[in-house]
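Residues per chain, in single letters:
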Amino acid sequence: MIEVVNMHKRYRLRNVLNGVSFTAEKGQVTCLIGVNGAGKSTVLKAIMGLTPMSKGTVRIDGRARERETYEKVAFIPDHLTMPSYMKLSEGLRFMADFYQSWNQARAGELMKFFRLDTSERVGNLSKGTAAKYNLVIGLAQDTDYVLMDEPFSGIDLFSRESIAEVFSTDLIDGRGVLLTTHEVGEIEHLLDKAVLLSHGTVAKEFQCEQVRSEEGKSVVDVMREVLWV
Amino acid sequence: MNRYLKLLHMEIHRFRYILAGLMAITAAVQIGVIIRTLVREVAKRKEDILNHQSIDVGSALFPSGKLSFASTMFGIQFWFALPILLSIAVLGLYIFLIWYRDWFGRHTFVYRLLLLPTARRNIYLAKATAILAFILGMLAFQLLLLPVENVIFNLIVPAEMREASYFADVIAANQALPFLLPQNFDQFVFSYGLGFSAVLAVFTAILLERSYRRLGILYAILYLIACAAAVIILPVSNQTYFNPSAYLYPEEFFMIEMVIFALVVASSVWLGFRLLAKKITV
Chain A
1 MIEVVNMHKR YRLRNVLNGV SFTAEKGQVT CLIGVNGAGK STVLKAIMGL
51 TPMSKGTVRI DGRARERETY EKVAFIPDHL TMPSYMKLSE GLRFMADFYQ
101 SWNQARAGEL MKFFRLDTSE RVGNLSKGTA AKYNLVIGLA QDTDYVLMDE
151 PFSGIDLFSR ESIAEVFSTD LIDGRGVLLT THEVGEIEHL LDKAVLLSHG
201 TVAKEFQCEQ VRSEEGKSVV DVMREVLWV
Chain X
1 MNRYLKLLHM EIHRFRYILA GLMAITAAVQ IGVIIRTLVR EVAKRKEDIL
51 NHQSIDVGSA LFPSGKLSFA STMFGIQFWF ALPILLSIAV LGLYIFLIWY
101 RDWFGRHTFV YRLLLLPTAR RNIYLAKATA ILAFILGMLA FQLLLLPVEN
151 VIFNLIVPAE MREASYFADV IAANQALPFL LPQNFDQFVF SYGLGFSAVL
201 AVFTAILLER SYRRLGILYA ILYLIACAAA VIILPVSNQT YFNPSAYLYP
251 EEFFMIEMVI FALVVASSVW LGFRLLAKKI TV
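Top line first, the protein sequences correspond to chains A and X.
Residue numbers for the first sequence follow the UniProt record's numbering, beginning at 1 and rising by one.
Residue numbers for the second sequence follow the UniProt record's numbering, beginning at 1 and rising by one.
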């Protein structure tokens, strides 16, 4: 389980996060939801140690972040993080060189699934193709958790469909997924849990299925109630 | 393979074309100017033989009338030093770019570097070692180039017009080379110790800026001023290595400066490791 406890972050004299606490369980898809600037990406970056917290704790399966965490948790940022000069095949080799959790066979499957050409250079990829390759880099690791920052941002309908399709395959099955997205409506059926962020704090945390069956509301309905005030 | 070595390999691989380009420019300019100068000098002497039946045509540069490799080096100061200065400028610029290239552009590679399952100090050490390897690589290349240039000298200049010279004279003849290749070991350790402490201090300044952004620029400037002050405090108080009336013996001055370099290196490395591990932000 990923536990975020009382996370604070101050940036340019402003409290971006003001005591954020929530959990993301293994085997579930948890979505961090909030309006622009709510601090969703900052939470993911702070979990991965890419930006320091002013205060707070992050625990992964009960342990503080350490170097082995990066073998256990994959992070897929909102943009590709491989240098432009690299060929896609070189990017895969880089990952295989550095990560013990790298699964070459799975990487091959994903490259085929997204119809990516290994001889292409990273710098020449379109936004949609880069997003798919980004997903390959993150999902081909045998990790317990995957963190995704806006995996559907700015890409076309067909690319979105093929990325969403990944969520219903065994590539995700059994792992804990924590993602941020603005396209909640499109992937609502895939979500197990939602965490609504507002004014730097968790406004509501709920199981999507429970809200659907008990209150007859969709995630978007709850978002409107909580965030649109 | 150890992840530090993999990172080092990657850093060297990323700079390989620029390094090869600098080596090619250095070789082309130096060899080109040597060939041009020698061909002209030899032709002048051959013409004089035809006119006067003698090669005794002394000049300020070649008083005996014969050509020596050392004198040739003295005569081509500017063009010989130009590629060296260019290489120093490019390497100096790359001390900044080796960090900033990972932050800027469409695909920010620093995310991937910081997410590697290895101690973050390896990123710092790989970049520092890469810079050291580039500097020593260029130096080694220049050292290899000198005998090649000597061979070219021997091929162009006929034996009867040639005067032998020592390599120490060749290095001393050019103003740029004694700085790159000091003739005594203490001076070598001093110059390269100073250079490497400066590189590490700049690394730490860059990490301060990357960690605290706008406020970090101020911290970085203050840190560099503090390091520079520590290093120049002795020379400013006239306690230099070369000053015979200084209070300190040259050996004492040398030892104290070495300790100061070691302190600058230790504080830069410690702070750099700490910033990378705890404060860096993408």
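Source of the hints: derived by calculation from the structure; they are not laboratory data.
It should be emphasised that the depicted structure is a prediction, and the values quoted were computed from it without experimental measurement.
Hints are not guaranteed to be accurate.
Below, simulated BS3-like cross-link-like pairs (lysine-lysine); rule was C-alpha separation at most 30 Å, straight line [claimed, not checked]:
1. X/Lys66 / A/Lys26
2. X/Lys6 / A/Lys112
3. X/Lys278 / A/Lys72
4. A/Lys26 / X/Lys44
5. A/Lys87 / X/Lys66
6. A/Lys26 / A/Lys72
7. A/Lys55 / X/Lys279
Now the hints, each set against the structure:
Distance check on the hinted pair: X/Lys66 and A/Lys26 sit about 84 Å apart at the alpha-carbon level, beyond 30 Å; violated. As the CA atoms of X/Lys6 and A/Lys112 are separated by approximately 28 Å, the hinted pair is consistent with the 30 Å bound. Restraint check for X/Lys278 and A/Lys72: satisfied, since their Cα atoms lie roughly 20 Å apart, inside the 30 Å limit. For a cut-off of 30 Å, the pair hint linking A/Lys26 to X/Lys44 is broken: about 85 Å separates their Cα positions.
Taking the CA atoms of A/Lys87 and X/Lys66, the gap is near 57 Å; set against the 30 Å cutoff, the hint is violated. Distance check on the hinted pair: A/Lys26 and A/Lys72 sit about 12 Å apart at the alpha-carbon level, within 30 Å; holds. With a CA separation close to 13 Å, the supplied pair A/Lys55 and X/Lys279 stays within the 30 Å bound.
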